[in-house]
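Q: Residue numbers (the working numbering), protein chains in the order written: chain A, 17 to 150; chain B, 17 to 150; chain C, 17 to 150.
The hints are simulated quantities; they were obtained by calculation from the structure and are not laboratory data.
These figures come from a predicted structure and were not determined experimentally.
Think of the CB as a built atom: it goes at the ideal place given N, C-alpha and C, for glycine as much as any other residue.
Just to be clear, a hint being listed does not mean it is correct.
Heads up, simulated DSBU-like pairs for lysine-lysine below, C-alpha to C-alpha not over 35 Å straight-line [as the list claims (entries may be wrong)]:
1) C:K18 - A:K18
2) B:K18 - C:K18
3) B:K18 - A:K18
Residues of chain B placed beyond 12 Å of chain C at every Cβ, according to the derived structure [to be verified]:
4) V24
5) S28
6) G31
7) Q38
8) R144
Distance windows between CB atoms, simulated [claimed, not checked]:
9) C:H93 - A:R41: 42 to 52 Å
10) C:D137 - A:R120: 44 to 54 Å
11) C:E21 - A:F22: 28 to 38 Å
12) C:P84 - A:R96: 19 to 29 Å
13) B:D86 - C:P84: 12 to 22 Å
14) C:H93 - B:R81: 40 to 50 Å
15) A:R44 - C:G94: 44 to 54 Å
16) B:D37 - C:R29: 35 to 45 Å
Spelled out, the chains give:
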Amino acid sequence: MKSAEFTVHTGSRPGLFDLTDQCDRFVRALGDGVLHVFVPHATAGLVIMELGAGSEQDLLDTVDRLLPRDDRWLHRHGSRGHGADHVVPLLAPPWATIPVVGGRLTLGTWQSIALLDTNVDNGTRTVRLTFLEG
Amino acid sequence: MKSAEFTVHTGSRPGLFDLTDQCDRFVRALGDGVLHVFVPHATAGLVIMELGAGSEQDLLDTVDRLLPRDDRWLHRHGSRGHGADHVVPLLAPPWATIPVVGGRLTLGTWQSIALLDTNVDNGTRTVRLTFLEG
Amino acid sequence: MKSAEFTVHTGSRPGLFDLTDQCDRFVRALGDGVLHVFVPHATAGLVIMELGAGSEQDLLDTVDRLLPRDDRWLHRHGSRGHGADHVVPLLAPPWATIPVVGGRLTLGTWQSIALLDTNVDNGTRTVRLTFLEG
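In isolation and in its complexed conformation, chain A is listed as follows:
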């Protein structure tokens, strides 16, 4: 099976991290099928979206508004509001799948594959890519 892992440095602030280049390179020469992207973390997720033109901050603001980093959370480990990070997978799941045709992702013009990491207590994340032949 074609499967690979790589690491993303996400630092200590909430952010969206572009994985499209790594995904592009991985599927090159793999023919036709589906790329599976997975993050083995309980406080991170994947979003396929436009990056740029303000949408990254719009999305981060939305997560903050829907999952406020206040004292409402029963989960109280880590920094204040960290309980919110554990609900992130309800919005952004840790898996994503993208068709591949002739070794190329069939993403739309404005789509990028992004890692959403709101967890300020974990600065390094792992991403696993797996290719399913069509």
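Based on the hints, put chains B and C in the right spot on chain A.
A: Frame of chain A, contents of chains B and C only:
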């Protein structure tokens, strides 16, 4: 690989568009596996849900309430509130997968495969179907 | 194709139900690939998250806050607020996929595969597991 694209006319109002018939026809005669559905658009997503009995409007109202079409968005291209459309993929991802057994989708009685398009500036959408053999 | 169904008793209260053990056992001896999990229900979904430390209740409270069980819903069958259950798939989709390497799920330390069922009118749910070889 079995892969196909088709076009959906989504018009100039937010809506949910039933893709189940096209998916059904695509998997017929393809045996056992998983159907992959993908929309190559940054302002549309997929939802597997009951269509009818008011739930379509309930879902559209929910998207409107969680992502209000007002002036809060940094992304300011297009119609007023269009920035909200760019956060839709946080709720409804552009991919979906459904098991296929003997050429038939294993959807539940009340499940349909729907395209969610809130973007009033783009009236035509592409959908890509891919079959992964089991 | 390797595919199997099993039943989960979800009772008459909203809850999260751990499917990880059943998934683990299913992929054992199946080598490398991707596990596909699917629930053929319009009012249930899947979440890969940490179970325990309060996060289950945090997630259920979040669903309740984002989709309040009041009289706003057009869908009016079943118990009061049941219309909310029909919008659950916007947050928690009925499908999930997890890489499998050497017969083992590549879940992170804190990740579990959970069924989210807020529907108090349906006490039994079906889950379908499908293995896609890598």
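Q: Hint by hint, work out which the structure violates, then give me just those numbers in ascending order.
A: Violated hint (a single one): 14; every other hint is consistent with the structure.
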